[in-house]
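Chain residues, written in single-letter form:
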Amino acid sequence: MTKDECKKVVLDIIADIAPDEDLSNVKPEVRLRDQLQLDSMDFLDIVMELRKRHSIEVPEADYQQLASLDSCAEYLTPKFNALAAKG
Amino acid sequence: MKPARIVITGVGLTAPNGNNLAEFRQNLLAGVAGIERMEIRYMGSQLAGVCHYDPLKYQKKKEVRVGTRAGSISIYCAREALADSKVNFAALPKDRVGIYIGCTEHGNVETENEIFNISKFNYDTKFWSHYHNPRTVANNPAGETSLNLGITGPAYTIGAACAAGNMGLIHATQMLRLGEVDFALCGGVSESIHTFGIFAGFKSQNALATHDDPKKASRPFDKARNGIVISEGGCLYTLERLEDAQARGAKIYAEIAGYHVNSDASDYVLPNPVRQAECVRSAISRAGLTPRDIHLVNTHATATPLGDIQECEAIRAVFGEGCPDTYINNTKSFIGHCMGAAGALELAGNLPSFDDLTVHASINVDDLDPLCALPNLVLNQPRAVAKVDTLLNNSFGMLGINSALIVKRFHP
Numbered sequence: 001m002t003k004d005e006c007k008k009v010v011l012d013i014i015a016d017i018a019p020d021e022d023l024s025n026v027k028p029e030v031r032l033r034d035q036l037q038l039d040s041m042d043f044l045d046i047v048m049e050l051r052k053r054h055s056i057e058v059p060e061a062d063y064q065q066l067a068s069l070d071s072c073a074e075y076l077t078p079k080f081n082a083l084a085a086k087g
Numbered sequence: 001m002k003p004a005r006i007v008i009t010g011v012g013l014t015a016p017n018g019n020n021l022a023e024f025r026q027n028l029l030a031g032v033a034g035i036e037r038m039e040i041r042y043m044g045s046q047l048a049g050v051c052h053y054d055p056l057k058y059q060k061k062k063e064v065r066v067g068t069r070a071g072s073i074s075i076y077c078a079r080e081a082l083a084d085s086k087v088n089f090a091a092l093p094k095d096r097v098g099i100y101i102g103c104t105e106h107g108n109v110e111t112e113n114e115i116f117n118i119s120k121f122n123y124d125t126k127f128w129s130h131y132h133n134p135r136t137v138a139n140n141p142a143g144e145t146s147l148n149l150g151i152t153g154p155a156y157t158i159g160a161a162c163a164a165g166n167m168g169l170i171h172a173t174q175m176l177r178l179g180e181v182d183f184a185l186c187g188g189v190s191e192s193i194h195t196f197g198i199f200a201g202f203k204s205q206n207a208l209a210t211h212d213d214p215k216k217a218s219r220p221f222d223k224a225r226n227g228i229v230i231s232e233g234g235c236l237y238t239l240e241r242l243e244d245a246q247a248r249g250a251k252i253y254a255e256i257a258g259y260h261v262n263s264d265a266s267d268y269v270l271p272n273p274v275r276q277a278e279c280v281r282s283a284i285s286r287a288g289l290t291p292r293d294i295h296l297v298n299t300h301a302t303a304t305p306l307g308d309i310q311e312c313e314a315i316r317a318v319f320g321e322g323c324p325d326t327y328i329n330n331t332k333s334f335i336g337h338c339m340g341a342a343g344a345l346e347l348a349g350n351l352p353s354f355d356d357l358t359v360h361a362s363i364n365v366d367d368l369d370p371l372c373a374l375p376n377l378v379l380n381q382p383r384a385v386a387k388v389d390t391l392l393n394n395s396f397g398m399l400g401i402n403s404a405l406i407v408k409r410f411h412p
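Residue numbers (the working numbering), protein chains in the order written: chain A, 1 to 87; chain B, 1 to 412.
Pulled out of the complex, with its shape left as it was, chain A reads as follows (with noise of 0.2 angstroms):
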């Protein structure tokens, strides 16, 4: 998986928890509290929904490399590849 491929997955689930934001021009290096409506909740609801689609586990203490885009590309990419070679 490529970062961007990564954000784009990000992108899908934060489409299910908060649809009403438009997510067009999402900048990947701002904090996505910062350009978008999202709460606490919601951050759980992107712990949730990776762990439930994806099998992507992320500890709380790590809940800070999901502040924007281009952190959780940096932060699940490899999870997720790491996960792929498993099989």
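What the hints contain is simulated information worked out from the structure, not anything from laboratory work.
Don't take every hint at face value.
Facing chain B, according to a computed beta carbon distance under 8 angstroms, are these residues of chain A, among others [said to hold, decoys possible]:
{"#": "1", "residue": "15"}
{"#": "2", "residue": "20"}
{"#": "3", "residue": "41"}
{"#": "4", "residue": "44"}
{"#": "5", "residue": "48"}
{"#": "6", "residue": "53"}
{"#": "7", "residue": "84"}
{"#": "8", "residue": "86"}
Note that this is a predicted model, so its numbers are computed, not measured.
Glycine included, C-beta positions come from ideal geometry on N, C-alpha and C.
Using the hints provided, position chain B relative to the given structure of chain A.
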């Protein structure tokens, strides 16, 4: 000191056969029932009363996703009631507004959904939603309404089984009289069709209605009645002290005349006609009236074989043969049993009688059960009457809670 006079100044509702009072009333007079078939988890196709309001009229998509059906119904009804009341909501001190919502049950829907959800993950509870607790707390429908409207006064629910709709109005009346709030949103809601447990429970009690034609399924007083049609719905009112309503020139639907609440203390599920009669008699007495003064009795009857007979026994005991101007009807025959919303919705459906002097019928009675025969029971066709100045609304519930609420035509 005489207690403050409390009046109804707005109505917001969603019923299986109407999403506002005008539509609801029109269908009650036209004999239009709102029952359909619905797929219920584990149980397949069942009869249910489903509401078709637009949740996005007053909620964002995210609010609908995060919240509950009962919360959504409450928000819809509260907003509709406020609009109907024509109160200047922006100018209302929000800490002086109370929200009092009756519920039969709350939390079953979300709990069942979560158990179903984790069943797909080998019952691993790490897949249990972090929304479970805010969705299932008993005050959820009132809390979601306070969030949506920015109301900072007391907002809570009242658990009173199927008497809950009346209880919302009664409690709001009490709080207004105590001076706890200056404006109240009150009534009842139900999301019960989204929990298979309610269907399965009534089925196990042999109290779940069946019929080939959904529109004929809910048939209180009919000899062939065979149980309850479970429905969702909501009805919230705006209640105010009379002087406040008059000061702003509000339209007044009716005045709260009296009420009573008591308990059977005799059985978990079986009604007790002696206690029901006591409840009704006391409500009439507290309203300063006699049975002859009651012009319309809206029954609670749910179409269970025994329950209908027992309520008729209670009504017979109170009204006997000596009340020629008292007419009796039933609204569940159109909308099924809306549980926590039932009392509030059924009152609303009859309020227009003050203006149109018509009593809507109890429909679906092809063969009247002689044990349910009452004088002036209005069957199958609405009846024009000479006078409707008072309306008694019965709502009874499991564990033996009885409520009787009387409203009267407003006279300054």
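Outcome of the hint check:
1. Hint status for residue 15 of chain A: violated, given a least beta-carbon distance of 11 angstroms to chain B, over 8 angstroms.
2. Taking 8 angstroms as the C-beta cut-off, the interface hint given for residue 20 of chain A holds, the closest approach to chain B being about 5 angstroms.
3. The beta carbon of residue 41 of chain A comes within 6 angstroms of a beta carbon in chain B, closer than 8 angstroms, and the hint placing it at the interface holds.
4. A hinted interface residue such as residue 44 of chain A counts as satisfied when its beta carbon comes closer than 8 angstroms to some beta carbon of chain B; here the least separation is about 5 angstroms, so the hint holds.
5. For residue 48 of chain A, the interface hint holds, since its Cβ comes within 8 angstroms of a Cβ in chain B; the closest pair sits about 7 angstroms apart.
6. A cut of 8 angstroms between beta carbons decides the hint on residue 53 of chain A: the least distance to chain B is about 11 angstroms, and the hint is violated.
7. Contact between residue 84 of chain A and chain B, as hinted, is not supported at the beta carbon level, the nearest pair being about 21 angstroms apart and thus beyond 8 angstroms.
8. A distance limit of 8 angstroms between C-beta atoms decides the matter here; for residue 86 of chain A the minimum to chain B is near 19 angstroms, and the interface restraint is violated.
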